[in-house]
Amino acid sequence: MQLTVEDTIQWLKQFNDRLSEQKDYLSQLDRAIGDGDHGINMARGFQQVAEGLDGDFDEVSDVLKKTATTVMSKVGGASGPLYGTAFLKMSMECKGKDVDAAVLADMVEAALGGIKQRGKSEEGEKTMIDVWAPVLGTLQEEDFDAERLKQTAEEAMQKTEDMTATKGRASYFKEKSQGHLDPGAVSSYYLFAELADVIGKGA
Amino acid sequence: MVGILLVSHSAKLVEGLDELLKQVVGDVSIVTAGGDEDGNIGTHFDKIQAAVEEAGSGDDGALVFYDLGSAKMNAEMAIEVVESEDVRLVSYPIVEGSYLAAVEASIGKSLDDILASLEKEFG
Ligand SMILES: Nc1ncnc2c1ncn2[C@@H]1O[C@H](COP(=O)(O)OP(=O)(O)OP(=O)(O)O)[C@@H](O)[C@H]1O
Ligand SMILES: [Mg+2]
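Protein sequence lines, in the order shown, are assigned to chains A and B.
Under the UniProt record's numbering, the residues of the first sequence are numbered 1 to 203, in order.
Under the UniProt record's numbering, the residues of the second sequence are numbered 1 to 123, in order.
Calculated from the structure, these hints are not laboratory results.
Don't take each hint at face value.
Unchecked claim - Straight-line Cα separation of at most 25 Å, DMTMM-like style, residue types lysine to aspartate or glutamate; simulated pairs:
hint : chain 1 : residue 1 : chain 2 : residue 2
1    : A       : K116      : B       : D38
2    : A       : K66       : B       : D46
3    : A       : K66       : B       : D38
4    : A       : K120      : B       : D86
5    : A       : K120      : B       : D60
6    : A       : K95       : B       : E119
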């Protein structure tokens with residue numbers, strides 16, 4: 001596997017398309033256990049990201065860096081700082097490197113560390129971390145393939161339904177947060193599903 | 001004089017609090033960052049970053065109070081980006097905490113003194 005600049009741009013564009021398709025669904029999920037803005041926040045921010053991807057980039061790191069700064073200032077809410085930090089850490093991790101499977105795993109590891117630090121949170125708190133952590137596990141396996149990556153993210157996303165939120169807005173709902181998917185986990189599933197798609201197409 | 005920065009999801013909340021503090025202590029420097037880009041409920045990194053820069057531009061530092069989750073994350077990130085050591089984010093109640101801080105700032109207490117008072121009162 002080798003993720004090029006073009007693949008990375010393709011990944012982010014597909015993620016943006018997915019977010020704009022699923023905007024209402026994500027906000028609906030957030031309305032149940034939050035303030036109902038996750039879809040709007042993400043769609044607005046990544047629309048801007050997509051519009052900024054037409055320039056020239058020397059390496060994958062530059063694409064991710066630009067994404068990070070746009071996400072930080074355009075997404076808003078909690079997902080702005082969290083996804084912004086994640087993209088920034090990925091960008092720093094692959095600076096000057098070709099992105100093969102091992103580098104990709106290191107990037108996701110750095111991003112996950114950044115999200116945890118920013119959110120002061122751990123696995124099992126019904127957040128996007130509950131998708132990022134298992135995805136990292138899969139990426140660290142020697143012989144992962146696109147299908148397994150997508151499946152891991154999807155199953156992890158579904159598991160957030162039964163969890164009780166202890167971080168973020170949803171934590172105020174305590175046990176009542178059970179029975180609802182975490183919106184940030186669902187958007188993170190889309191991110192990795194689109195990554196898997198790009199890898200599956202030969203990245 | 002130590003400055004005060006109020007970060008909230010609601011522009012009205014921090015405007016109201018600003019009014020409340022100024023009614024008691026007229027000459028304290030209070031900066032607010034409330035609401036998202038368009039002034040709706042939410043938080044906005046650029047707005048908060050500009051506010052951190054403004055609050056940190058004095059000689060004696062500033063204290064940052066916030067209301068909920070992402071206000072804290074955005075403020076933390078802004079302080080890291082701006083790299084101002086004298087701007088401190090605190091997790092004390094935004095109304096009572098900023099009130100105490102405003103009174104102490106107005107009588108010339110230092111950043112460390114005010115932090116100690118806040119800890120004693122709300123820690
Ligand atoms: N402390 C945290 N750590 C990790 N993830 C978090 C944390 N807080 C929120 N999240 C994630 O962010 C998602 C919510 O993002 P959203 O953009 O809706 O922010 P928000 O909760 O509305 O922010 P705000 O604090 O402005 O209300 C959650 O579904 C969760 O996955
Ligand atoms: Mg929300």
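Status of the hints after comparison with the structure:
Distance check on the hinted pair: K116 (chain A) and D38 (chain B) sit about 29 Å apart at the alpha-carbon level, beyond 25 Å; violated. Our distance criterion of 25 Å between C-alpha atoms is met by K66 (chain A) and D46 (chain B), whose separation comes to about 15 Å. A hinted pair counts as satisfied when its Cα atoms are at most 25 Å apart, and K66 (chain A) with D38 (chain B) qualifies at roughly 23 Å. Taken as a hint, the K120 (chain A) and D86 (chain B) pair is honoured in the structure, with Cα atoms around 23 Å apart against an allowance of 25 Å.
Straight-line distance between C-alpha atoms of K120 (chain A) and D60 (chain B) comes to about 29 Å, which puts the hinted pair past the 25 Å bound. Distance check on the hinted pair: K95 (chain A) and E119 (chain B) sit about 42 Å apart at the alpha-carbon level, beyond 25 Å; violated.
Violated hints, in rising order: 1, 5 and 6; the structure is consistent with all others.
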